[in-house]
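**Q** As you go down the protein sequences, you meet chains A and B in turn. Under this note's numbering, the residues of the first sequence are numbered 1 to 247, in order. Under this note's numbering, the residues of the second sequence are numbered 1 to 678, in order.
Among these hints, one or two may not hold up.
Lysine to any residue pairs mimicking SDA-like chemistry, simulated, CA-CA at most 20 Å apart [what the hints assert, rightly or not]:
{"hint": "1", "chain 1": "B", "residue 1": "Lys422", "chain 2": "A", "residue 2": "Pro192"}
{"hint": "2", "chain 1": "A", "residue 1": "Lys190", "chain 2": "B", "residue 2": "Ala654"}
{"hint": "3", "chain 1": "B", "residue 1": "Lys642", "chain 2": "B", "residue 2": "Ala654"}
{"hint": "4", "chain 1": "A", "residue 1": "Lys121", "chain 2": "B", "residue 2": "Leu667"}
Hints were generated in silico from the structure; no laboratory data involved. Here the structure is a predicted model, which is why all the values come from computation and not from measurement.
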Amino acid sequence: MPEVELSEAAEELLANLWVMREEGNAACLPLSELETEDRDAAVPELLTAGLAQQESDMLSLTSTGEREASVVVRRERLAERLLVDVLDLRESVATEAACKFEHLLRTGIDDEICTLLGHPKVCPHGSPIPPGECCHAGAREAGKAVSALSDLVPGQGGVIAYLHSGRRQMMQRMLAMGAIPGARIVLVQKFPSYVFRMGERQIAVDRETAQDIYVRLTGGQPVRPPSWFPRPFRGWGRRFRRGRRGQ
Amino acid sequence: MSARARRFVSRLLMGFRRCGCESCPFAPATRTRKLMLFGSPNVGKSAIFNQLTGSYVAVSNYPGTTVEVARGQARVGDTLLEVVDCPGAYSLTPFSEDERVARDMLLDDPPGLLLHVVDAKNLSRALPLTFQLIEAGAPLALDLNIIDEAARAGLSFDPERLSTDLGIPVVATAAANGVGIERLRALVGGDAPAASSFVVEYPEPIESAIARVEELLGAGYGLRPRAVALLLLQRDEGMWERVRQADAQALTDIERIVAETEARYHHPLSYPLAVARQQAADAIAKRAMRSTGRQVRASFAETLGRLAMHPIAGLLILAAVLYFGLYLFVGRLGAGVLVDFLERQVFDRYVTPVATNLVESVLPWPTWSLLFVGEYGLITLGLRYAIAIVLPLVGAFFLMFAVMEDSGYLPRLALLVDRVFKRLGLSGRAVIPIVLGLGCDTMATLVTRVLDTRRQRVIATFLLALAVPCSAQLGVIIGLLSRHPLGMAIWGGVVLGVFLMSGFLAARLLPGEEARFYLEIPPMRWPSLRNVVLKTFARVRWYAAEVIPLFLLASVVIWIGELTHLFRLAVAALRPAVNLIGLPDQAAEAFLFGFFRRDYGAARIFDQVQSSEAVSGVPLVVAMVTITLFVPCIAQFMVMLKERGWRTAVAVAAIILPFAFGVGFLLNLTLTSLGVRI
Chain A
1 MPEVELSEAA EELLANLWVM REEGNAACLP LSELETEDRD AAVPELLTAG
51 LAQQESDMLS LTSTGEREAS VVVRRERLAE RLLVDVLDLR ESVATEAACK
101 FEHLLRTGID DEICTLLGHP KVCPHGSPIP PGECCHAGAR EAGKAVSALS
151 DLVPGQGGVI AYLHSGRRQM MQRMLAMGAI PGARIVLVQK FPSYVFRMGE
201 RQIAVDRETA QDIYVRLTGG QPVRPPSWFP RPFRGWGRRF RRGRRGQ
Chain B
1 MSARARRFVS RLLMGFRRCG CESCPFAPAT RTRKLMLFGS PNVGKSAIFN
51 QLTGSYVAVS NYPGTTVEVA RGQARVGDTL LEVVDCPGAY SLTPFSEDER
101 VARDMLLDDP PGLLLHVVDA KNLSRALPLT FQLIEAGAPL ALDLNIIDEA
151 ARAGLSFDPE RLSTDLGIPV VATAAANGVG IERLRALVGG DAPAASSFVV
201 EYPEPIESAI ARVEELLGAG YGLRPRAVAL LLLQRDEGMW ERVRQADAQA
251 LTDIERIVAE TEARYHHPLS YPLAVARQQA ADAIAKRAMR STGRQVRASF
301 AETLGRLAMH PIAGLLILAA VLYFGLYLFV GRLGAGVLVD FLERQVFDRY
351 VTPVATNLVE SVLPWPTWSL LFVGEYGLIT LGLRYAIAIV LPLVGAFFLM
401 FAVMEDSGYL PRLALLVDRV FKRLGLSGRA VIPIVLGLGC DTMATLVTRV
451 LDTRRQRVIA TFLLALAVPC SAQLGVIIGL LSRHPLGMAI WGGVVLGVFL
501 MSGFLAARLL PGEEARFYLE IPPMRWPSLR NVVLKTFARV RWYAAEVIPL
551 FLLASVVIWI GELTHLFRLA VAALRPAVNL IGLPDQAAEA FLFGFFRRDY
601 GAARIFDQVQ SSEAVSGVPL VVAMVTITLF VPCIAQFMVM LKERGWRTAV
651 AVAAIILPFA FGVGFLLNLT LTSLGVRI
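Could you put together the complete structure from these sequences and hints?
**A** Spelled out as structure tokens, the structure:
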């Protein structure tokens, strides 16, 4: 948690430094490339807070700054996710709105939003969201608005919000099988494998794949609590005779 | 004459079409047309195929693959239809061997009519493929199949509406019960439909990219340029390869356009394309489909289907399937009753004596007559084993396997074992080759191609060679050990333990990505007898064609080995190893034979047990375990060489040989020192 409240411009600068590093560019930024206002206000702010260091005219992050910056980036990308997934804003609009919105989110709230969104791994543009403490917690609870399929309770369902997979093949595979954003989906069971239902179709996947499918929840509560035996055993003879001829 | 009977007669007469009159159904066909059935797995394509073609089926492998493609003929009015059943495909962009074959068939041999078969109740999920087929440009019709299941789920359809919206003919059928088949026959036998003008609108950057790529493409892809452009945008490797060969000069320009378009999205382009198609599909399905809200309670099959996915009930069902299917049906009925009858009644009483007399009178030289009717003769050993022992066993197994496949049980088994199989470096999908291995390891090694990665294929090949006994071997083992329940339990426990342990080690030692699992679980259905029989028949025929020649070859090799005394040397070399695991000298011969056919080995022991009490109790169990693990048979080894390359094949064999004897040695040591009596 920052000792001092940073201004919007300083946070922006902090995040930019971090993103430059993430994208594999230089780890430091020449001061000359900054706008005048930033050089006058934001840079001294970062330096006094001990988040950045200056060598000749190059600006780079300190280790505290590194940590703080990842929190800022996390907030920014979570905000984008929130706007796209929950408020259904278009991605291009969302980026701009998220920049403003992000500064309103304070530490602590970001974990709540992360949980609300089902601990997303990437922002809508595909950049990774730095994980927070809530993402590592042992028992992850299902998100309240958006959740990875693997975190749902059997019987719970909603609409596929987005897919995310490190493996391009896997994502294309799921798309071809009909797991497409907008499709209605219900989790049927979690053990021994994840089984979900889309319309009348059932598809079984493993845990890793279930973690890649994010669902926007509808209804909230599970329709049917998980039970050991799906149906009572009575009436089997009748069902057998009817089921066979399909009448 | 009923329509069915007329079809039957017309099929009978198809060979000699000589009747010249105009109206008669036996009149010569004036035109032929190729009809291709396309669709995702489990939508009843083969039921439609069987309804159209009857029993005139040729199941063959697509060149260079193990994917089975069924071809047959049908006659509608004066049109002779050549019907091809494509392997199941979810989209035109292939991810599996099956899908690649389906796509290549469409591209390389464009049909006169393409019939997209869909499961009616999943219409909105199936329409994206319909769109892709419309984009491809082949004359297309849509078949809403399994309409009865959809009705039971409370869904009703408006085929005319769908037909107007899509611009292609639409027909509703329930092929397994013969509903709507006459309408379908009229449709496929009638005039080919005009190409549809229906177009899915994609988002702007993609549409303009399509337009630009289309301009750069030449002709001759078997698809409309729009479809080619779409496949290129989705980075379809097969299509890029075709462009590299046909339009090499345009390649860099196309590459640039695709890269530019990709840069505008954060996902692969297949993502926005899939979303656009699905939106269009939902809109069309919504207009053509109505939910009557009438939900019928779950049928017995559905309940069984749910239970089969349950961790505890599923295991109980698995145990029941293994006991009734494998042990009683294949083991007792196939290996016991059928083999007994064929071997004792048919061969021992008639074939062998007759053949022996005949051959000995024609070839009075003992050396040569031995080749045919000696102890290891072509007829008395090769043919007898093939026809009297192995064929009934393998046939019974394939029948059971086809029932498991068609009822929808196998995918449920796959999801049940996925977690365990992950530990072995495999995914749940690998149950298909592993279970098939219990029938024939050679065929199963070929079928490992259904697995996604090379790592999985190598591990599955290794496990099949080491610890999965084939039905021929199982039959003999069940026959030998059925009177010793404890021995059977020890054998089962050790083999299962070796399977799990060696798979676990292989997963540790082999580098590569973790397997991923995804599988559509079709509804549990009562398998159609006709489909099951046709499938079993096709597989048995494959087996007979591939494996019986090898049986005969093995007889010749053994004959030469005996003649040149090479075998005596090999047997002598094996003797110390056999003694080491506590078996008498004669057993060495059985092990050597085990290489020619896995079951030869067990069968030799079987003969020895019956003739004397040379092997019984603990040594018998040790012998059975060692023979089960011992090297794969010649046929399987050849397939391993072909499929996995000589390095992997030789490595697998080199690991297995000492391993099998090592396990046998340890087992013998443990059992004797514990004083176990069997």
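**Q** Of the hints stated earlier, which fail here?
**A** Failing hints, ascending: 2 and 4.
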